[in-house]
Amino acid sequence: MKEIFVIFFLITGAVFILIASIGLLKMPDVYLRMSASTIAATFGVALMLVAAAIHFMTLGIIFHIIGVIIFLILTVPVGAHLMGRASHIIGLPMWDKTLRDDMKGKYNKKTHQFSGMNEKSEARSGKSEVRSEKFE
Amino acid sequence: MPNNYIPFIIAYFVLPVLSISMLLIFIRLFKGPSLMDKVVALDLLAIVAIGSFSAYAILYNKPIIIDIALIIALIAFLSTIAFAYYYEKADKEISKSEDENSEK
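Line order of the protein sequences matches chains A and B. Quick note on the working numbering: the first sequence kicks off at 1 and runs consecutively. Quick note on the working numbering: the second sequence kicks off at 1 and runs consecutively.
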């Protein structure tokens, strides 16, 4: 009975990781590649670690594996968010069929300050805009 | 039929599937048009390595291999954040130097 669960979780996790890598290869855009790879691969790795927890079935190892899964679920979206933010600020091109870009024009191109974060950053970005207008 | 199915499943299905996905990720890593594609591919490569380490831990019946998975997850997170941070910062420095040149 235990073996059936282990085999099921292992096969499902491996198939999810394969789907994630195919998505990384075939998607047309940096952002779509990031989305496809991050979500599916995290879920697949979590399933494979659950399979290891069922196979060993000791309390210490189960808590260890729960720690690894929580660490992955906390850190992988943070890394993906930083990569997406950096690639949007650098100005990497989007797919031709993209419908809307919500982040366009919401931040200062020179200081990378987002508008509406707090008053101080708005004042600073406004000052730099005035300066750039004067030089233009 | 063998008495224990798990090593056969791991050796003949799980590890080949993981190696095929690593091959696909390496194609993207060498082909990627921009640097960010390569960083995404490296991140996914580390995640696949965590999965294959958990499969190896089941195959050899040694739970200490899962420690390696935790360490690789930590290093992958730190390297991803460092790449994104400095990539963004390099663009900031470039625009700042362009600004100084236009002032002169």
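Derived by calculation from the structure, the hints in this document are not laboratory data. Treat each hint with caution, since some may be false.
[Stated by the list, open to error] As a list, the in silico DMTMM-like pairs of lysine to aspartate or glutamate whose alpha-carbon atoms are at most 20 angstroms apart:
1) K110(A) / D91(B)
2) K97(A) / D29(A)
3) K110(A) / D67(B)
4) K106(A) / D67(B)
Please read all numbers here as calculations on a predicted model, not as lab measurements.
Among the hints numbered above, which are violated by the structure, and what are their numbers in rising order? When the structure is compared with the hints, numbers 3, 4 turn out to be violated.
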